[in-house]
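Now for the letters of each chain:
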Amino acid sequence: MFKNNNLYCFVASRQFNGKKWLIFILFLFLITPSVGWSKEAVPVAEDPVIEKRMLALTMDLRCLVCQNESIADSRADFSNDIRREIREQIKANKTDQEIVQFLVDRYGDFVLYNPPMKPTTMLLWFGPVILFVIGLGSLIVYLRRRRVQIEDVSLSQVQLERAEALLNKNKKGKNV
Amino acid sequence: MMRYLIPLVAFIVLAAFLLVGLTLNPRQVPSPLIDKPAPIFQLNHLHEPDKQMASKDNLGKVWLLNVWASWCVACRDEHPLLVQLANSGIVPIYGLNYKDERTTALQWLKRYGDPYTISIVDPDGRVGIDYGVYGVPETYVIDKKGIIRHKQIGPVTVDSLQKTIIPLIIELQKQA
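Protein chains in written order, with the working numbering: chain A, 1 to 176; chain W, 177 to 352.
By construction, these hints were calculated from the structure, which means they are not laboratory data.
This one's a predicted model, so the numbers in the text were calculated from it and none came from an experiment.
Anything over 12 Å on all C-beta distances counts as not near chain W; from chain A, calculated:
hint: 1; residue: LYS19
hint: 2; residue: LEU22
hint: 3; residue: ILE25
hint: 4; residue: PHE29
hint: 5; residue: ASP60
hint: 6; residue: SER70
hint: 7; residue: ASP73
hint: 8; residue: THR95
hint: 9; residue: ASN114
hint: 10; residue: PHE132
hint: 11; residue: VAL133
hint: 12; residue: LEU155
hint: 13; residue: VAL158
hint: 14; residue: ARG162
hint: 15; residue: ASN168
The list that follows gives simulated cross-link-like pairs (lysine-lysine, DSSO-like), each with its CA atoms no further than 30 Å apart:
hint: 16; chain 1: A; residue 1: LYS118; chain 2: W; residue 2: LYS327
hint: 17; chain 1: W; residue 1: LYS212; chain 2: A; residue 2: LYS91
hint: 18; chain 1: A; residue 1: LYS94; chain 2: W; residue 2: LYS212
hint: 19; chain 1: W; residue 1: LYS327; chain 2: A; residue 2: LYS94
hint: 20; chain 1: W; residue 1: LYS227; chain 2: W; residue 2: LYS237
hint: 21; chain 1: A; residue 1: LYS118; chain 2: W; residue 2: LYS212
hint: 22; chain 1: W; residue 1: LYS212; chain 2: W; residue 2: LYS320
hint: 23; chain 1: W; residue 1: LYS275; chain 2: A; residue 2: LYS91
Output of the computed footprint for chain A on chain W, the stretches with three or more beta carbons under 8 Å from beta carbons of chain A:
hint: 24; region: 207-220
hint: 25; region: 300-311
Even glycine gets a Cβ: it sits at the ideal position worked out from N, Cα and C.
Pulled out of the complex, with its shape left as it was, chain A reads as follows (with noise of 0.2 Å):
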């Protein structure tokens, strides 16, 4: 109270010009109680069984709002909104499979990073496998067909004779 009214005499006294000021809000902020305004941080789940295999979950589901995402890294509401589902589940003690297949019921196959095998996921699942067949079998084809060539490719009497004329002829210039 003491120390408030003299700030206020200070304050209020007539030789207070632009730089006084400054240094009385600097004094301000100086008393200022600080440390009221950090807080611990709130701990976000209760319990840290039930969180982890929540993060567990989510790393692998896919956050629709922002695709690129994972539920468990997204911060969009939606991704908040399923966490929070996924966590009453998981207190309700349902299986992971049971809760993955609520969302899939909800959401569809999109929701899952791993896309499950069926009809319409063949050649997802199997594309690179044929393209990798197809990039190998023309690879070998390709090798042996090469192969052959060089084979079949001989010099005739003639062009022997040339060759050697030339190969000779160069010889003898580089003696000289």
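Guided by the hints, dock chain W onto chain A, whose structure is given.
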């Protein structure tokens, strides 16, 4: 000849795939709920919070469930169309006010018009999860047996109303 033809064909195939990809919208995730019974709910009215509406109250008629919120910008785009549709008397529209404040929602309806036969409130988005809502606005066409026949993700447009939604509603209304 083959030497030039194979890369050309490969390029054309790749270009065709990419071209088709350009016309697809990755935000449109097909809902697994199509042709499945609409999830049941029992929710409070927006205007009279002490009254409740259950999804089974609508059995026997074709109706639209429009998910909206006052914070949703795209909802403003489709709203005049919904008002028009409601005035035409083709189909009753029920509004699901999704994760919203009651007062702002009421103000919003006052300002932009109220096309809803009844507005119901889903304050924490639980019914939204059951319906697989991930991007407001969303509109569901539900038939007389309470089965979801169509889901419009994002705002309703003149095009989608004329080409898909209204013909479907008329078709469904003919069914027993």
